[in-house]
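> Each chain, written out:
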Amino acid sequence: MADNQQLFQFLLRMGDNTLILGHRVSEWCGHSPILEEDIALANTALDLIGQTQMWLELAGEVQGEGKSADDLAFLRDVWDFRNVLLTEVPNGDFGRTMMRQFLFDAWHSIMLGRLLKSSDSRIAEIAAKASKEVAYHLERSGDTVVGLGDGTEESHARMQEALDYLWPYVGEMFASDDIDAAMVQAGIAPDPAGLRDEYDALVGRFLTEATLTIPDNNWAHKGGRTGAMHTEHLGHLLTQMQWLQRAYPGASW
Amino acid sequence: MKNEWPLWEIFIRGQHGMSHRHVGSLHAPDAEMAIKNARDVYTRRNEGVSIWVVEARHIAATAPGDKGPLFEPSESKVYRHPTFFDIPEEVGHM
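Protein sequences, first through last, are from chains D and E. According to this note's numbering, the first sequence is numbered sequentially starting from 12. According to this note's numbering, the second sequence is numbered sequentially starting from 4.
Treat the hints as calculated values from the structure; they're not laboratory data. Nothing here was measured: the structure is a model prediction, and the numbers come from that model. Check each hint, because a few of them may be wrong.
As the list claims (entries may be wrong) - Quick list of in silico lysine-lysine cross-link-like pairs, DSSO-like style, CA-CA up to 27 angstroms: (1) D:K140 <-> E:K80; (2) E:K70 <-> E:K80; (3) D:K143 <-> D:K128; (4) D:K78 <-> D:K140; (5) D:K143 <-> E:K39; (6) D:K128 <-> D:K140.
Unchecked claim - Where chain D lies over chain E, by a calculated footprint (3+ residues, C-beta under 8 angstroms): (7) 21-31; (8) 42-52.
Unchecked claim - Computed beta-carbon distance windows for the label pairs: (9) E:Q18 <-> D:E38: 32 to 40 angstroms; (10) D:A139 <-> E:I90: 51 to 59 angstroms; (11) E:W8 <-> D:E76: 45 to 53 angstroms; (12) D:W90 <-> E:Q18: 30 to 38 angstroms.
Ideal placement from N, C-alpha and C gives every residue a C-beta, glycine not left out.
Take these sequences, add in the hints, and give me the full structure.
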């Protein structure tokens, strides 16, 4: 049996990924290139925030300090976040946003597929609800990556640039540590490293169709999911996301 | 505009057994994306179980100017409504 502190960390990793990416995607609201994409991105952001609510609520329960999902989302500081760095990098142009979404969705769908069989029924239930949403996210982001990658000269160049920029953030999703080992032993979650082959096959299929080239180098930025070191961007994101609760503690509507 | 994606007409079936109903239109580069956009634009509040998309240019339509010859003649043909038959009691409500 994994101890509660380890389980808490695992749940933060799941919930912080969806929280931070959901917030990033929500930044597009009202700014997307066309109305249809604007609504679609807002839907994705809302799905991710909804999943966050489930992960962080459970995290608060496991932590046992009486904290709600809102407390964990709005009252922690940068060093307490456990999201992978991929989710916090700035949106860039629409192409980079969709590439980031695709690279995350592919991992997310594989991960949730494994969590459906989690020995912890609370986690399996969250995965069951989230995996349907994420299957659609992947279909949408994957097709958009193919459409833009195998599109015009300009869209292709932008998507290749996005892939080159984001690829060094992919490896962190498959880094395993003691917490992961404890999850594996308890049958709660899979070893992230064990998902890499399936990920490479899935992502490779889409990127080949998109006529894009995966960078040769598998060197990876790390530090987000362990909390050792986030990028400078997370702090800026949190000042936006948390300012209302910080300025007006306990405000609700 | 020459860079505009084509327009698609969207039809949604609200529940099993009902027919697809026109709900609006949107822009998309191809049929698959039109379906995805329709899913995101028109079914966010649990409105549907099936989506049809048709590129607007494939829909042939009557011209508004032809309204007179096309539709007015039927206004005065009350005998085309099946209201002049005596329905036997035992048939009940039809």
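> Given as covered by chain D, does the segment 21-31 of chain E meet the bar of three residues or more with CB within less than 8 angstroms?
holds (count 3)
> Take a quick look at whether K128 of chain D and K140 of chain D sit within 27 angstroms of each other, Cα to Cα.
holds, 13 angstroms
> Holds or violated: are the alpha carbons of K70 of chain E and K80 of chain E at most 27 angstroms from each other?
Holds, at about 16 angstroms.
> Hey, K140 of chain D versus K80 of chain E, does the alpha-carbon distance stay inside 27 angstroms?
violated, 56 angstroms
> For the pair supplied as a hint, K78 of chain D and K140 of chain D, confirm whether the alpha-carbon distance does not exceed 27 angstroms.
With a Cα-Cα distance of about 23 angstroms, the restraint between K78 of chain D and K140 of chain D holds, given a limit of 27 angstroms.
> How does the Cβ-Cβ distance of Q18 of chain E and E38 of chain D compare with 32 to 40 angstroms: does it lie in that range?
holds, 36 angstroms
> Would the hint linking K143 of chain D and K128 of chain D be met if the CA-CA limit is 27 angstroms?
holds, 15 angstroms
> Quick one: are W8 of chain E and E76 of chain D within 45 to 53 angstroms, going by C-beta?
Since W8 of chain E and E76 of chain D have Cβ atoms about 51 angstroms apart, the given range 45 to 53 angstroms holds.
> Between W90 of chain D and Q18 of chain E, does the C-beta distance stay in 30 to 38 angstroms?
At roughly 50 angstroms between Cβ atoms, Q18 of chain E and W90 of chain D fall outside 30 to 38 angstroms, so the hint is violated.
> Quick one: are A139 of chain D and I90 of chain E within 51 to 59 angstroms, going by C-beta?
holds, 54 angstroms
> Check the hint pairing K143 of chain D with K39 of chain E against an upper bound of 27 angstroms on the C-alpha distance.
Holds, at about 15 angstroms.
> Can you take a look at whether the segment 42-52 of chain E is actually covered by chain D? Rule is 3+ residues, C-beta closer than 8 angstroms.
holds (count 4)
Hint violations for this structure: numbers 1, 12, all remaining hints satisfied.
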